[in-house]
Amino acid sequence: MDIFLFLILITPVLAVKTGPEEDFYHAAVVEYCPHEGTDGNDTMIKNGVEYVRLIQKAAETADIVVFPEYALTYEDETLFVEIPFGSNEPAPADNPRLHPVVRMVSKAARDNQIYVSICLLEKDLSSGEELKYNTNVVFDRNGIVVSKYRKFNLYYEALNTTKVPDIAIFETDFGVRFGVFICADIFHKEPALTLVYEKNITDFVYPNWFYAELKLGLSVQIQFGWAYMTDSNLLSAGVNSLEQGSTGSGIFAGRKGPAINIINERNETRLLTAKLFKKGKIGKSEGHILEPLSPGVDSTHEIEAENFQNYSTYLLTPEVKNELLSDSDGSKYLNKILELTLCQGSLCCEFYSNVTFTFKSLEYLNMSDLTFLKNDSYYHYQYRFATFDGVKGFPDAGSKGIQVCAIIPCVNSSLTSCGKKTGNVKPLKIHSESFGDIFLHSTTFNELFIRSVTKEMPDFTFPNLLVSSKSLNPKSFGSAPDVSKLVFSSNKRSSNLTYSTDKLIYAGLYSRMISRDGGESYA
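If you count by mature numbering (1 follows the signal peptide of the UniProt record, and there is no 0), then the sequence shown holds residues -15 to -1, 1 to 508, one letter each, in order.
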């Protein structure tokens, strides 16, 4: 079917149009599972057709919808398109010289009266040579391109960059100015933090393709932490490709916490929507995850575990030195307070934890309890305090300078077990003289305090947290935290984090040391 005939057959919806006088707006992001075609053009057209369906669906409830990085072209990097941008340029829908997918997305934005953000592989011939970019494009309600940003901090990408970062800002008719950055830009000062601290942007379009790694790399950990640090509204759309460890999207309301977020256990496309309050306005931002338009497929992919061998660590162990408190349901309680300082290089991490361990004897242990089957139920197992000051390597993508103070999840006492999924493993067993062998049922951090103190000034530091998902699906893994229990502060050489939870996966302070980038890695 001709794709423009396809567009004609789709009936536009009655669009949401929030007025500039309102304290809020309606946002949508797409966690998109790409289709693969026979070649680059076929792949782009197949995904473009899906984009149109999703744009129409998003327009029922949202003023703006954001799609991920590379979702149109997926792994095929052979097709590059032109994207004219300027005050005198017509809507791409009306320009027959442009690629059909650029035109169809422009038309869908206009027909459904919604702002649309997409990423494309762009070619630019204006300099006399062909330059190739990873480019974000935003269409307004008339299908006109109102923003174009070329990714500056590349990752695994043999593409060009601009000499200086683009500062991409666009105005909307609902009274919000947005900034734009893409994926790995979140780990750098330019252009993201320039938009925050110099241009006073409070709302961001953030397309990305994250490769998950359980330490500091799970998508929603980073996205939540950055939004919290900058107190920004972040519209984060990620690629769903679980075979590559890629999932995680959300709408984050700065220090008010996540409105909605997802780490998906299935290969499927999901549309996330939220009523998001504007900066300075009072209200609770809340969101929803819509049912998938097409059925998804389960994945057996395992999240890549970080190698912690070069970290300085200390095992948090429940020691039965005193008599355990006992309850009628067979529970035994042990409280432990630990103060600890771990140093490495120029960094010292100070830890304080007030922890309650709950044990059950074998006759009260129900291994059919769904929490024992879940992939993220680390509260049945063990944790380590960890410190790292150095350079982390990324295959084919250079190295990054970082400092980390954190408590990390482990399946057992071995350092090599840290960061691996739990998934139906028997919980920690200890021996009590009074009760014999007992098994760890829960670990509650009544208070967890982490302070980083460094001799070198970081470029920035954000809180890095992940808690167990509320989903009962055993394959579910992780969620952004409840901010009502979080306190975070940061100055030039010291940062503090206080948190409490009974569902901890990971909690820490993540600092970037950009001057070390490109150095020899040892993590």
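Please note: incorrect hints may appear among the correct ones.
As the list claims (entries may be wrong) - In silico SDA-like pairs for lysine to any residue, Cα to Cα no more than 25 Å straight-line:
1) Lys133 with Gly71
2) Lys440 with Gln329
3) Lys455 with Phe434
4) Lys241 with Asn476
5) Lys477 with Gly504
6) Lys264 with Thr254
7) Lys260 with Arg240
8) Lys440 with Arg478
9) Lys470 with Tyr349
10) Lys148 with Gln98
11) Lys263 with Lys117
12) Lys264 with Glu45
13) Lys241 with Gly160
14) Lys440 with Thr356
15) Lys260 with Thr356
16) Lys31 with Asp79
17) Lys321 with Lys184
18) Lys264 with Thr46
19) Lys411 with Phe445
20) Lys411 with Ser316
21) Lys148 with Val34
22) Lys241 with Glu62
23) Lys269 with Asp79
24) Lys345 with Glu432
25) Lys42 with Lys148
26) Lys414 with Tyr349
27) Lys460 with Asp502
28) Lys117 with Glu60
29) Lys264 with Val131
30) Lys241 with Asp79
31) Lys108 with Phe155
32) Lys406 with Asp314
33) Lys184 with Glu7
Claimed, not checked - Label pairs and their computed distance ranges (CB to CB):
34) Leu355 with Val149: 22 to 30 Å
35) Thr23 with Glu271: 36 to 44 Å
36) Gly160 with Ser311: 18 to 26 Å
Simulated from the structure, these hints should not be mistaken for lab results.
We put the beta carbon where it would ideally sit given N, CA and C, even for glycine.
Hints and how they fare:
no. : hint                           : result
1   : Lys133 with Gly71              : holds (10 Å)
2   : Lys440 with Gln329             : holds (11 Å)
3   : Lys455 with Phe434             : holds (24 Å)
4   : Lys241 with Asn476             : holds (21 Å)
5   : Lys477 with Gly504             : holds (23 Å)
6   : Lys264 with Thr254             : violated (29 Å)
7   : Lys260 with Arg240             : holds (16 Å)
8   : Lys440 with Arg478             : holds (7 Å)
9   : Lys470 with Tyr349             : violated (31 Å)
10  : Lys148 with Gln98              : violated (35 Å)
11  : Lys263 with Lys117             : violated (35 Å)
12  : Lys264 with Glu45              : holds (24 Å)
13  : Lys241 with Gly160             : holds (20 Å)
14  : Lys440 with Thr356             : violated (42 Å)
15  : Lys260 with Thr356             : violated (32 Å)
16  : Lys31 with Asp79               : holds (21 Å)
17  : Lys321 with Lys184             : violated (47 Å)
18  : Lys264 with Thr46              : holds (20 Å)
19  : Lys411 with Phe445             : violated (39 Å)
20  : Lys411 with Ser316             : holds (17 Å)
21  : Lys148 with Val34              : violated (34 Å)
22  : Lys241 with Glu62              : violated (38 Å)
23  : Lys269 with Asp79              : violated (40 Å)
24  : Lys345 with Glu432             : holds (23 Å)
25  : Lys42 with Lys148              : violated (38 Å)
26  : Lys414 with Tyr349             : holds (14 Å)
27  : Lys460 with Asp502             : violated (35 Å)
28  : Lys117 with Glu60              : holds (16 Å)
29  : Lys264 with Val131             : holds (22 Å)
30  : Lys241 with Asp79              : violated (41 Å)
31  : Lys108 with Phe155             : holds (22 Å)
32  : Lys406 with Asp314             : violated (29 Å)
33  : Lys184 with Glu7               : holds (23 Å)
34  : Leu355 with Val149: 22 to 30 Å : violated (52 Å)
35  : Thr23 with Glu271: 36 to 44 Å  : holds (42 Å)
36  : Gly160 with Ser311: 18 to 26 Å : violated (59 Å)
In summary, the numbered hints that this structure violates are 6, 9, 10, 11, 14, 15, 17, 19, 21, 22, 23, 25, 27, 30, 32, 34, 36.
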